[in-house]
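Chains A and B, in that order, give the protein sequences. Its first residue numbered 0, the first sequence is counted upward by one per residue in numbering that gives the first Met the number 0. Its first residue numbered 0, the second sequence is counted upward by one per residue in numbering that gives the first Met the number 0.
Hints listed in this document are in silico derivations from the structure and should not be mistaken for laboratory results. Take the hints with a grain of salt, since some may be wrong.
Using C-beta positions, here's what the derived DEER-type ranges look like [what the hints assert, rightly or not]: (1) Ala14/B <-> Trp26/A: 32 to 38 Å; (2) Leu51/A <-> Gly182/B: 34 to 40 Å; (3) Asp333/B <-> Gly45/A: 21 to 27 Å.
Here are some chain B residues the structure puts well away from chain A; computed CB gaps all over 12 Å [stated by the list, open to error]: (4) Thr130; (5) Leu319; (6) Ile323.
In this text, a Cβ means the ideal position worked out from N, Cα and C, and glycines have one as well.
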Amino acid sequence: MKLVGTEFIRTQAELTMSLTGVDGLMWGSDPAFDWLHAPIGPIGGGSNEIQLNILAKRALDLPEA
Amino acid sequence: MTLVLTEEEILLVDAVRALLARAAPVPKFRALRDSGDPRRYDPDLWRELAVSGFSAPQIPESAGGLGMGYTAAGLIAEEMGRVLAASPFHSTALAAELMLDGAKADTLAPLIAGDIIVAVALDEGARHAPTSIATRAERDGGGFRISGTKRRVVDGGIADTLIVSATTAEDASLFQVPSDAPGVEIRPLDLLDGRNAADVTFDNVVLGSEAVIGAPGEAAGRIARMLDVGNVLLACELLGITQEAFDRTIAFLKEREQFSRRIGSFQALQHRAARLFCALELARGVALKALRALDEADPATTQLASLAKAVLTRTARETLNEAIQMHGGIGVTDELDIGLFFKRARAIGDWLGDDYYHRERLAKIVWGM
Chain A
0 MKLVGTEFIR TQAELTMSLT GVDGLMWGSD PAFDWLHAPI GPIGGGSNEI QLNILAKRAL
60 DLPEA
Chain B
0 MTLVLTEEEI LLVDAVRALL ARAAPVPKFR ALRDSGDPRR YDPDLWRELA VSGFSAPQIP
60 ESAGGLGMGY TAAGLIAEEM GRVLAASPFH STALAAELML DGAKADTLAP LIAGDIIVAV
120 ALDEGARHAP TSIATRAERD GGGFRISGTK RRVVDGGIAD TLIVSATTAE DASLFQVPSD
180 APGVEIRPLD LLDGRNAADV TFDNVVLGSE AVIGAPGEAA GRIARMLDVG NVLLACELLG
240 ITQEAFDRTI AFLKEREQFS RRIGSFQALQ HRAARLFCAL ELARGVALKA LRALDEADPA
300 TTQLASLAKA VLTRTARETL NEAIQMHGGI GVTDELDIGL FFKRARAIGD WLGDDYYHRE
360 RLAKIVWGM
């Protein structure tokens, strides 16, 4: 959930920036707010790299390095 | 021309890099941003670049320039990207391009010398659409009367002169307008990259016939050429930004420890870094190819310009996202410079058309879609 969700939100924020052009590039605009906060998702609360590790070990039962 | 730099070009890069390292390191831009200076550029730096011949090196000798070619200009733009140098370099290149071939020689000379700033007022909507021009120029006695609103005029807040595209009875035309002319209203924009830009409204601005650049109705070719040059130079700045962010990320991977190992020792991160390296090397080749095309008047220049802007906008976005992710929590803080590169890349990737715009344009040019 966290892995896919946070990456989806980042892609969505980028597309919104592209669609809104200079309006989204302004400080204080909604697209700018979302885009500037989007990178926090994949890092915070156990980064997506950690989520991938958990999936590899728990869901796929892959061996340790 | 080969896709490696000549000895002369390498010397140029060294000279520009040395000047910028001294006069415009990244903390200088950060200080400018934090100062709230409404000009949002560094006049001392711009003067020094002009004196050194780095402000518009591409202008041919026949037009009073140095004749160093577009490749020289692109290499300078790349170095400026690496340090986020705040200067009206791109707006100067756009304006100069419109005035080559003898039109407005009296404006071109001080522009090349760095004595005046000229901004180009082209787009009217939030997204790039250079051929939809609602701004009208009506005949008025011997001259013209212009009305319309332009969006995102880069360096519009510091320009002495504006060059505005408007539709006349003939077709698309270009006019030179003093920024303090009656009826010109300039509204500064607070953009994410912290650089100068404004929306500009022209309300019944009266101009003499000498304000026309070239001939009325004949601006389309001039604008198209300007956009080719502008997009290639922006691609070069994106290359510099991306390379710098990548280099800083690699340095971070080598130094940062987690789980009592340096994070650069994790194979998952090594592979991601190696992929970015490949993308960046390819993008560098595309940018240089487009610069050589401008210098050699290659018939494929327009498509190479779109290709360069599309590739660099996307490579910059993907690399900057990875740079932030690999830096982790510290990557999203204002304290770290990565965020400044991230915002600048987004802003200039969007200016004169982003990767979506240029991919669509390429499809039209190459396959007639």
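Exercise for the section: Check the following: the C-beta atoms of leucine 51/A and glycine 182/B are separated by a distance inside 34 to 40 Å. Expected result: Because 59 Å falls outside the window, the suggested range is violated.
Problem - Verdict for alanine 14/B, tryptophan 26/A (Cβ pair) under range 32 to 38 Å - result: Holds - the Cβ-Cβ distance for alanine 14/B and tryptophan 26/A, about 35 Å, lies within 32 to 38 Å.
Problem - Status of the stated non-contact between leucine 319/B and chain A (beta carbon gap over 12 Å) - result: violated, 9 Å
Exercise for the section: Examine each Cβ of chain A, and state whether all of them lie more than 12 Å from the Cβ of isoleucine 323/B. Expected result: Its Cβ does come within 12 Å of chain A, the nearest being 5 Å, so this is violated.
Problem - Minimum Cβ distance from threonine 130/B to chain A greater than 12 Å, as the annotation requires - result: holds, 16 Å
Exercise for the section: Given the hint of 21 to 27 Å, check if aspartate 333/B and glycine 45/A actually sit that far apart at their C-beta atoms. Expected result: holds, 23 Å
The structure shown violates the earlier hints numbered 2, 5, 6.
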